[in-house]
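Visitor: Residue numbers (my numbering), protein chains in the order written: chain F, 1 to 274; chain W, 1 to 301; chain X, 1 to 427.
Hints in this document: simulated from the structure, not taken from any laboratory. Honestly, I wouldn't trust all of these hints.
As the list claims (entries may be wrong) - The calculated label-pair distances, taken between Cβ atoms and stated as ranges, are:
no., chain 1, residue 1, chain 2, residue 2, range
1, F, ASP165, X, PRO341, 31 to 37 Å
2, X, ASP277, F, PRO34, 32 to 38 Å
3, F, ASP16, W, ASN94, 41 to 47 Å
4, F, ASP102, X, GLY168, 34 to 40 Å
5, F, ASP243, X, ARG131, 56 to 62 Å
6, W, ASN94, X, LYS219, 51 to 57 Å
7, X, PRO51, W, PRO89, 40 to 46 Å
8, X, GLY34, F, LYS239, 48 to 54 Å
9, X, LYS219, W, GLU63, 22 to 28 Å
10, F, GLN123, X, GLN39, 55 to 61 Å
11, W, ASN115, F, ASP243, 35 to 41 Å
12, W, GLY41, X, PRO51, 53 to 59 Å
Glycine included, each C-beta is placed from N, C-alpha and C at the ideal position.
These are the residues of each chain, in order.
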Amino acid sequence: MPLDTSTYNLALLRVDGRRWNELRQQKGQLGVQPSADGSAYLEMGNTKIQCIISGPNERDLSKSTSSASTAPTSNGAGATVAVSIMIAPFATVDRKRRGRNDKRLQEMQTTIASGLAATVQGQSYGPRSTIHISLNVLSQDGSLLACLINAASLALVDAGVPMTDYLVACTAGSTSSYAAADEEADPLLDLNTQEEQELPFLTLATLGATDKVVAMVCESRVQLTRLEGMMATAADGCKGVRDFLDGVVRDKGELMVQEGAIGRGEVVSSMDLD
Amino acid sequence: MPREAEPSQNEKDFILKAVREGHRLDGRALDEFRQLDLKFGDQYGVADVTLGKTRIIAKVTAEVTVPYTDRPFDGIFTITTELSPMASPAFEVNRPTETEVLLSRLLEKTVRRSNALDTESLCLVAGQKCWSIRVDLHVLSHDGNLIDASCLAVVAALRHFRKPDTSMEGDTLTVYTPAEREPVPLSWLHSPFCITFSFFGSISVGEDGEEKDIWLLDTTLLEEQLRVSSCTISMNKHGEICQVAKPGGAPVEAVTVVQCSSLALQKVKDLSDFVDQKLAEDSKHRNKGGLLAELSAENAR
Amino acid sequence: MSSTSQHLLLSPAELAYLHGSLSLITPGPIRPDGRSPTQFRPLTAETGILPGTNGSARICFADGTEAVVGVKAEVEKTPLSPYEFVASTEGRKDHTQKKSGSRKSKKATGDEEDISMDVDEEAAGANDKIRGSPDWVELSVEIPGLRDDDSGTVFLTSMLTEALLADGEFVKKLWINRRFHWKLYLDIILISPPLSYPLPLLSLTTHLALLATRLPRLKSEADEDPMFDDDWAAATFLYPRQDTSAKASNKSSKPSSAAAAPASRPPITLLVMAVGDNIIFDPSKEELAVADSAVAVSVAEGPASESESEPEPESIPATTTKRNLQLLSVRTIDPPSRLTPPGVPNSVNAAAWGTMTAATPTTTTAATASATEGGAAKHPDARVTETEDVVGVWKAPRGGAKFGMLGAMVAKVLEREAASPRSQGAG
């Protein structure tokens, strides 16, 4: 379905009515799964992810044959992060079942695992432990990799795993397709499926609100000159996402204080009571 | 599951310290490639790439098949990678390692998704007959930088390849043997190349203690085991990015990535010229008789 | 079965204690979580969580297990059945048959089909010739950490599918016209790790999702290519709500009556287990570990008013209430209790200064269901521990459930189900 980009130039509004630097509506929740060690639910627009964390627990060698991708933290001296993604067959508009050995999924798993390994302080658990992160995609509408990373970040906070900062990700695109020689194309933030199919875009994951790039994936043809603009836009989006995630975590903390789960001013370690 | 032998602590410290001071074990500059060699086989479509001790062979084959029902006007183009135990004891047969999955995904994105090969030109009879082009990639020896070398081998092999000429008369499709008609090259749109940057943390430079990321090009296997993260940028010589992948790992400054991408363009232009030159040499070598040169419709590229 | 026996870390002594408290007769069984024998685990449920699906539901049990079900429907062309195929090519076929001088028998079948085709057409004219095929429903179960072809997953999938397809009524709901039908995809995802045997959870979530499933309203008529109403608010429920009754014209005009209970309900599969003479509903993982037998019972509810011909011979019509309950299927589940290690009575336990020599503990502790005959013959005491019950010593149950017990379990399910309207739809 070709996207009519001509209207964008007139009103500077995108298909869903957003401005170029606007994020979609986000919704986040911590601790949605009482039996898990950590869990989070994240919505970015119509992309909906539920993340369940089990562990850190002792590495189960019999399970190493499963399709999860792993990455060791702190140069192999810390816990291993194992990520497995499950995309529900009903997540897309047309029902589609994916095999677990889908290479695209495996690539995403690897990217998330090694991206999180960069921020998780795994040395407190020792090299023989594993943090299992399982991501369930319930609904998919663009920026999938970015949402997966954000959801996993949020769930890790809920699980109480020490991290240097949130790992946050966002997508950025460029208004016209690569064929147009126009180098002045406007960047766009946080693309949905429709825009992703039509425009060149990249996914950028940064460490919190800094400009430090942890992961970056671009799968479409785009002029080199546009890269910088897209990256800058995505980095701005990452800051917005970080503020949002931080807000979710703070709200949850506030709620716990109100409910009396923890006392105000108590040491942080008692957060484990949750 | 067999694993690559890990370098000893002494080795690690030595190499990392050397890299911080701007030296590499084999005396290269940080952004210098190893000795690159490209040979073509007697057959069309066989490319043998040697990059230092890394050696890769790519072979292209074509056959006539039925196109996919959802894409009746497109031919079929597949790239298969095989990392056998011959290349490194860490690889097992029939069990794709993470390296292999990432490599095949990168080639897929770089060559196939960027439309380097015009798949529509592979269509013979819409919905019924099309060419199926298959690239088989074999890693004979693994000493680091598989991605860049593999991509070069695939591109070179595909550009070298000639498929049998065909003609349509009414409803009959004729495929000519090389003796009847000179085979024709594939409809090639652009040549993307991968450049992989390996990061080794950062050092502070200058008086204000500004942090600067250290990166290497064309790492050996030993260096690859020690790097903290990597970033692969695929581009063609026209400055079009086909793919960028930094799959996690330690963070680097966004500025560094932008700097890397402009340096990648420089390197891609070098590689592009290198492949052009080798292809020209090969075709000169083949057309010694002069007779074939007249028959060939190939333009000097 | 691997999925039932997961995470089972109870000692023989604990098992014996649990078994003892669950098989108490006088005050009734005492369950570890204090429920009454017929009480279910508390749960939270919501429907319509995914706007991208035709119907969806999420259920979270109090023990933390959670499942999400999404239902998607696609319009699919019905392949012509042999009847219709012959009918449409009848003329041509006759012609060729005559030409090639085919055998009489073939001709005869052709005539038969000719007749049946006439019947078909008349029936279609009367618009009650609604057929369904089991292929119209595709069900998939996704359990984290298990492969798609794991025996546990396959068994769960087939049990849930079986319950849906058992009475043949469900697929009839997917009929559009003679040329098209809905293809329904039910995707069941267990979100949490499989802590307890997930069958009741998955079944309940599926039940809820089907209740919430809506299909676009058909605008076209008869055998035309189907056209649907774009207005989702006008979509009809797969299981029509009570006050909108049977007539299609009423249905479309009252889409907002979501609060009304549906006339009929999709099947539910319940897990029931027996310990001693007690029947216990919705067992938890620990309870299942001491079950003498466990049964999965599928029950569906037809429209209360209509008198339906029961498809299965063993169907028990619920006479006490007006609700029309149908028993769809009964499956015995292999409880994990069969795999538990038995306890060792003090009399033969060397550690407890029993009568046995030093060599015996190996034979007795290793003696699960497949103890060596020779070892047992040598030590008559060991033999006793294998064959006879010693009070307070755990021994894995052997053999199947008693016939009477099985019947009692099924009857109790129907009674219980009839007494309480469970899971009030849209939340």
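Visitor: Against each hint, give a clear statement of whether it holds in the structure.
Guide: Do the hints match the structure? See the list:
no. : hint                            : result
1   : F:ASP165 - X:PRO341: 31 to 37 Å : violated (48 Å)
2   : X:ASP277 - F:PRO34: 32 to 38 Å  : holds (34 Å)
3   : F:ASP16 - W:ASN94: 41 to 47 Å   : holds (46 Å)
4   : F:ASP102 - X:GLY168: 34 to 40 Å : holds (36 Å)
5   : F:ASP243 - X:ARG131: 56 to 62 Å : holds (58 Å)
6   : W:ASN94 - X:LYS219: 51 to 57 Å  : holds (53 Å)
7   : X:PRO51 - W:PRO89: 40 to 46 Å   : violated (52 Å)
8   : X:GLY34 - F:LYS239: 48 to 54 Å  : holds (50 Å)
9   : X:LYS219 - W:GLU63: 22 to 28 Å  : violated (48 Å)
10  : F:GLN123 - X:GLN39: 55 to 61 Å  : violated (47 Å)
11  : W:ASN115 - F:ASP243: 35 to 41 Å : holds (39 Å)
12  : W:GLY41 - X:PRO51: 53 to 59 Å   : holds (57 Å)
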